Amino acid sequence: MPELAEVAYFVRQWRAGVGAVVERVETHPRARVFRESGAKEIAAALRGKVLTAAEAAGKQALFRFAEEIWLGIHLGMSGRLFVAAERAGMAPWAESPAGQPQPQHDHLVLHMVNGVALIYNDPRMFGAVRLHRGQDAPEWWRKIPGALTAKEFSEEKLRGILARHPRVLVKSLLLRQEYFPGIGNWMTDEILWRARVSPHRRAEEMGVEEIAVLWRTIRQVCRDALRVIGERWYPVPDAWLFNHRWQRGGICPKDGSPLRYETIGGRTAAWCSQCQR
DNA sequence: ATAGATGTTGAGCC
DNA sequence: AGGCTCAACATCTA
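Be aware that the first sequence starts at 1, since it is given in my numbering, and climbs by one per residue.
I should point out that these hints are in silico values taken from the structure, not numbers from a laboratory. Owing to the predicted nature of the structure, the values given are computational and were not obtained by experimental measurement. Check each hint, because a few of them may be wrong.
Derived lysine-lysine pairs resembling DSSO-like cross-links, with alpha carbons at most 30 angstroms apart [claimed, not checked]:
| # | residue 1 | residue 2 |
| --- | --- | --- |
| 1 | LYS49 | LYS143 |
| 2 | LYS143 | LYS157 |
| 3 | LYS143 | LYS40 |
With the hints as constraints, model all of the structure from the sequences given.
Following this line, the structure appears as structure tokens:
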């Protein structure tokens, strides 16, 4: 589930706990998501601390607590963050095909003194929860490149990345977090489809004008996703590829031709062979 | 019932 | 070194 905008949305949920003290910490007994620091250590470190900030960068989430304690969460393939009050009410994902999170996959629950519970749920457990102590944010967080919507992601920068990897498929390149933080499989498909670039295209086959279009499209898809999904998880417009790519038999919303589904660079690409060249 | 799923990492190979 | 493919992780769903 979580790419750039989904992670932003989930972090926003946990902001309900900012300013409140962690009263009690629950951890799932058989969760493998507590990797370098164990569940017990994390629980002990967080108990009694004030949550002071909640930030997202790319697909990473970072929560700052008082007394130089930080909690990093990567949501993997199926991770979600939500607040307890939403479980009974109008959860935005209740209308999604995946349905509501199952309580048996709640791996970490922070019960806050202000009455909210911050829940990390992850059925497949490909996610990771990491504890960090220190005055500064952890190294892995500081190394995340600036947002693709920020000024520092320039057209020239994109040209440089493509030039450095001439033989690599643009689709594969877009998935690399060290260059394009937050871009995941659906976003690559959306970007290539809007930019009319085939997923079979290699970096060296991109002309200067095509790179300019690609650059604008990357930024536009990031902005659109953050606005529609990241803010409130509104329904995604049917004019996007998004709603049509999830199961086989989808139709291109631009020209109505059947979408193709191919494994490209190890991931399923959904694309329109009419629109994308 | 079998395959595939919004992610990442590491191994093996060319 | 760079880049490709595959497997692994664990669970749910079409």
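Status of the hints after comparison with the structure:
1. This hinted pair checks out: LYS49 and LYS143 have alpha carbons roughly 26 angstroms apart, not beyond 30 angstroms.
2. Of the supplied pair hints, the one linking LYS143 and LYS157 holds, its CA atoms being roughly 17 angstroms apart against a limit of 30 angstroms.
3. For the proposed pair LYS143 and LYS40, the alpha carbon gap of about 28 angstroms is at most 30 angstroms, so the pair holds.
Checked against the numbered hints given earlier, this structure breaks none of them.
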